[in-house]
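2 protein chains.
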Amino acid sequence: MKKTIEQKNLFCLPWAQTILGTHLSGKANFMALDWLTRVNFNPAMIGICVNKGNASYEAIMDTGEYSINLPSADMVSVTDYTGLVSGKRVDKSDLFEVFYGQLKAAPMIVKCPLSIECKVTQEVNLPTNSFFIAEIVNIYIEDKFLTDGNPDFKKMNPFLLTMPDNHFWTLGECVGKAWDAGKEIRKSKQ
Amino acid sequence: MKKTIEQKNLFCLPWAQTILGTHLSGKANFMALDWLTRVNFNPAMIGICVNKGNASYEAIMDTGEYSINLPSADMVSVTDYTGLVSGKRVDKSDLFEVFYGQLKAAPMIVKCPLSIECKVTQEVNLPTNSFFIAEIVNIYIEDKFLTDGNPDFKKMNPFLLTMPDNHFWTLGECVGKAWDAGKEIRKSKQ
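Those protein sequence lines, which keep their order, are chains A and B. Per my numbering, the first sequence starts with residue 1, numbered consecutively. Per my numbering, the second sequence starts with residue 1001, numbered consecutively.
If we strip away everything but chain A, and leave its shape as in the complex, we get (with noise of 0.2 Å):
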């Protein structure tokens, strides 16, 4: 017999950490951000969810720009830190090297394996949050990332974060291949 959870607010399943980078009055902040998911194929497209309370919110609402910059797991720190003070009291430009694409207002982290720079075309008003729908106009990477010219996420070393429980993980081992599993299943139907 399953049971229900209470705590469905602060739910979430298994997903990358990233940090979002904005422009807050003409300078670089930084803010822990865990809900964010593809949502269009073609044009590449990706959503986030930023609480209208957040310094991060009036940033976007104002240039409509935004980077989403993936920390490997020796970032634990300094991308928990970006959570735990709001860019409306503290000045976190200096927190991080930066480099820029075509947008003038989407700082990228030099130090993480992976950036995507974002221009946002739709914002999904909701109660407490926005969501905030952007093209996804380059990502951005090391070459030692890369293996067979795809992104290595073994060798970028990401973590994830994990609600209520607040676990950040890394992670494991390679269990599959996507649209590869299933075949013996397909065929045995057939």
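Hint data in this document are derived by calculation from the structure and do not stem from the laboratory. A couple of the hints might just be wrong.
With a Cα cut of at most 27 Å, we get these calculated DSS-like pairs of lysine-lysine [to be verified]:
{"#": "1", "chain 1": "B", "residue 1": "Lys1187", "chain 2": "A", "residue 2": "Lys27"}
{"#": "2", "chain 1": "B", "residue 1": "Lys1088", "chain 2": "A", "residue 2": "Lys187"}
{"#": "3", "chain 1": "A", "residue 1": "Lys177", "chain 2": "B", "residue 2": "Lys1111"}
{"#": "4", "chain 1": "A", "residue 1": "Lys154", "chain 2": "B", "residue 2": "Lys1177"}
Stretch-level coverage of chain A by chain B, calculated; a stretch enters the list once three of its residues show a Cβ under 8 Å from a Cβ in chain B [said to hold, decoys possible]:
{"#": "5", "segment": "71-85"}
{"#": "6", "segment": "149-163"}
Note that the structure is predicted; figures quoted are calculated from it, not measured. Cβ atoms here follow ideal geometry from the backbone N, Cα and C, with glycine treated the same way.
Knowing the structure of chain A, use the given hints to seat chain B on it.
Relative to the frame of chain A, chain B by itself:
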């Protein structure tokens, strides 16, 4: 120097692999689903990205309900199978034993450690996909997957997908606690 990735469409970060449950012409239907996120804190809301060519798209447009089921790593093959064959051509209704909560068209998979029952509040129509925003009606879990009242992700043993390498991964080691790991940095800056 960072380089850019050309395959933007097929890219995704490590996100929990799930199985979407819907009702298609009155019968249970299932599809592998990886592109989803929480979108609002209170009330608890979640959004999923579905290609408009999929049977699941028609099902959700018809009923306004769906379930999200978290399979364990011993379900890799059957999960992948649900993404290999379309509900338009293959009847997948007998693939899993299901149960129902408050909704009539959100079949939940008994064998999955955790299931989320969802009622759609908004469709965001994008070029190739729709993003279905829903209120979380209930989250169901078996007692044995709880530790101190919280879902225990190590016990549930979920798996994650990365693209475009298309690998499935287990959860690795715990490398810290969120809203905690950054406290030393915050203290040092005060």
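Numbered hints the structure breaks, given as an ascending list: Every hint satisfied by this model.
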